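Please arrange chain G on chain C, whose structure you already have, making use of the hints.
The primary structure of each chain is shown beneath.
Number of protein chains: 2
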Amino acid sequence: MPKTTLPSAALLACCALAAMPALAQDGAATPYRSMGEILEDSAASDWRRPDPADTLYLELDSGRVVIELAPDFAPRHVANIRTLAREGYWDGMSINRSQDNFVVQWGDPDGESDHPKPLGSADAKLPAEFDRPGKGLDFHALPDPDGWAAQTGFAEGFPAARDPDEGRAWLAHCYGMVGAGRAMEADSSNGSELYVVTGQSPRQLDRNITVVGRVIEGIELLSVLPRGTGPLGFYEEAGQRVPIRAIHLASEVPEAERSAIEVLRSDTPLFDELVEARRNRRDGWYKRPAGHIDLCNIPLPSRKVEGSP
Amino acid sequence: MPKTTLPSAALLACCALAAMPALAQDGAATPYRSMGEILEDSAASDWRRPDPADTLYLELDSGRVVIELAPDFAPRHVANIRTLAREGYWDGMSINRSQDNFVVQWGDPDGESDHPKPLGSADAKLPAEFDRPGKGLDFHALPDPDGWAAQTGFAEGFPAARDPDEGRAWLAHCYGMVGAGRAMEADSSNGSELYVVTGQSPRQLDRNITVVGRVIEGIELLSVLPRGTGPLGFYEEAGQRVPIRAIHLASEVPEAERSAIEVLRSDTPLFDELVEARRNRRDGWYKRPAGHIDLCNIPLPSRKVEGSP
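Residue numbers (my numbering), protein chains in the order written: chain C, 1 to 309; chain G, 1 to 309.
If you're looking for bench data, these hints aren't it; they were derived computationally from the structure. Quick caveat: nothing in here was measured; it's all calculated off a predicted structure. Treat the hints with care, as some may be off.
Where chains are identical, the list cannot tell them apart; a pair therefore holds if satisfied intra-copy or between any two copies.
Taking lysine-lysine pairs in the DSBU-like style, the calculated list, with each CA pair at most 35 Å apart, reads [claimed, not checked]:
{"#": "1", "residue 1": "K117", "residue 2": "K287"}
{"#": "2", "residue 1": "K287", "residue 2": "K125"}
{"#": "3", "residue 1": "K304", "residue 2": "K287"}
{"#": "4", "residue 1": "K117", "residue 2": "K135"}
{"#": "5", "residue 1": "K125", "residue 2": "K135"}
{"#": "6", "residue 1": "K287", "residue 2": "K135"}
Next comes chain C alone, as it looks inside the complex:
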C-alpha cells in the first residue's frame, strides 16, 4: 500500500527525532544534529531582538508582516523610510504588484500621475545605496562558491556578498529581501516604493538597486497574493490592489501591540553548525548530501520571544 510520501527536505530539518552519527573530516565520530535539534538546543545568546526603531510593521487585512531594516547598508533610505512610516505615508495605500516568482511591490498607485501623494518631510531624492565599504562590516563569510559574487555570507544578520578586491559589500537578493524600487536613474529611489522578493533569488539585481531590509515574519502573507495580470505583474484594476492598513515603525507602536520576535544570530558557532547541517544533510532521508549550500538556501529562523503574547 502506498504511504503518503514526502519530499522531506524540511521534514527532517524540523522534525527528526534522533541524531545520526556521522564521520567528521578527521575521522572521529561526531554527532550530527538536524536544524530542528540545533535550534532546540540553542541558548538565549544565539538569538537577537531587532531594534524596534529598525523594525517596520506592514499591516494587512490578513495580518502583520514584520520587516527588519538595514541602516548599516542603506542609511539614507532607511532614514527616509522611518520618516515616511512616522508620518503615515503608506497608511491606506495598497500593494499594486505581484509578479510570479519575482516580487510583490507597494507604494503610491498614483505616483506617476500629476497628483502623487506628497512625501511630507521625507526626501524626494536620495543617493543610490547599492553597496558600501567592506571595511567596518562584521562579515561572516561562507566557504561555498557563488557565481554572482566573489564571496557571500552574513552581515548584521542579513544575507550579503562582498568583493575583497574592490573593498565593497552589499545585501543579496534572497527570498524575503526588501528593496527600494527605482526608475532608470540609479538615484531615482527614495524608499517610498518598496518591493519584496517572493521567488527564485534575483541576484542579477544585486548592486543595481538599493536593498533596505528583510521580511522576518509574515512573508507568507505576501507570497500568496494573487498574481497581477498586467505587465510586470501589476494589478490591472484598482479593485484588485491589496489594501495596506498601515506601515508603522515598531518603536512608534505601543509596546503591548508589538510583535516580540527574535531572529537567530548569524555570527555564532551554532549558526555555523546549522549551515553545515544544511550543506550536508546526514539524516536518513538524504542519500547524497550536497556538500554545498547557496547563500539564499540558508534559513534565517525567527521565533516569538518566550512569554510574549
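Showing chain G alone in chain C's frame:
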C-alpha cells in the same frame, strides 16, 4: 515628484522598446537585444510542442496547470503516472500541502491510513530514478559555474545537471519542477504523490528524489495557494485542502479541449542569445551586468500556439 519606481528586472526583459548597442568582447559594436525582443524575433523552429502523451493537465477550480513529463529521465515513473492519469486516480483528490518557499504537493490524503485509494493497474513499487547515464543525452551546457553540480545546462528542454566524471545526468530542482514524493527508502516513490517546487530552488534534493517533469503553464495557480499551517505546510483541516477536479493526459483529452502550448527550445542559437541577455543585462536600467546566470534563473518561456483558442 516621485514616479512609480520599479525593480525592473523583468520590465526591460519583456517590454523594452528599443535595442541598445553594446560592445562585444572583440570590441565591435553588436546590437543587444532584450529577452522580449529576442522572443519577438523568434522563428517557428525555435519552439517545440510537447508530446500530448507526455503532457498532464491538472484541473483545479481556478484553472488548468500544464505539466510536461520527462520520460527520458524517469521512464518508469512517467509510465506509472500515465497509467494513474488514464485511470483517473487523482480525480476528486486534493492538494494537501503548500509550504512557503518550498513545495506544493498532492496525492491521497488517506495514503497512510488503512484505506488508501487503490492504485489500479499502476505499480506500487518502482526503482528510484534519481539520475541517468549522461551518455545518449543531448546536453546543452552552460559555461557558468554552479556550486551544486560539476555542470548545468538543459536537456530535453528541462533544466538539468551532470557530472562528466561519473557519467551521470539528472534534472535540477528549479522553480516549477515536478517530483515524486517518497518516504525514507530511495525506492519508495511510485508517482502517485507529486510535488511542485514553488520557492527558491531546493537543489539539495537533486539526486535524492525522482524528478518527473516541469510545469509549463499555470504555475501561478499553485504558487498562490494558502500555506498550510501544519508541519511541513500540510493543511490541518480536510476543508482547507484544494480540490483536484481531475488529472488527465493531454492525449486522452479531446483535441478541442487541449491547451495548445509551445515551449521555447533550449538547444538553439536563439536560446543561447536569450541566456546571454539574462547573464549580462545591457539595457539602460542595469548599471552593472552580473556576468553570470544561475541555471534556475533562466526562464523557459511558453506561449499559446497561434490561431489556437
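So, going through the hints one by one against the coordinates:
Taking the shortest alpha-carbon separations for K117 and K287, only the inter-copy value of 29 Å comes in at or below 35 Å, while the best intra-copy value is 56 Å. Taking CA atoms no more than 35 Å apart as the test, K287 paired with K125 passes between copies only; the shortest distance there is 18 Å, against 53 Å inside one copy. In the homo-oligomer, the alpha carbons of K304 and K287 lie at most 35 Å apart inside one protomer (34 Å), although the nearest pairing across protomers, at 40 Å, exceeds that limit. Taking the shortest Cα distances, K117 and K135 never come within 35 Å of each other, neither inside one copy (39 Å) nor across copies (61 Å).
Taking CA atoms no more than 35 Å apart as the test, K125 paired with K135 passes inside one copy only; the shortest distance there is 27 Å, against 57 Å between copies. In this assembly of identical chains, the alpha carbons of K287 and K135 lie at most 35 Å apart only when taken from different copies (23 Å versus 41 Å within one copy).
In this structure, only the earlier hint numbered 4 is contradicted, and the remaining ones agree with it.
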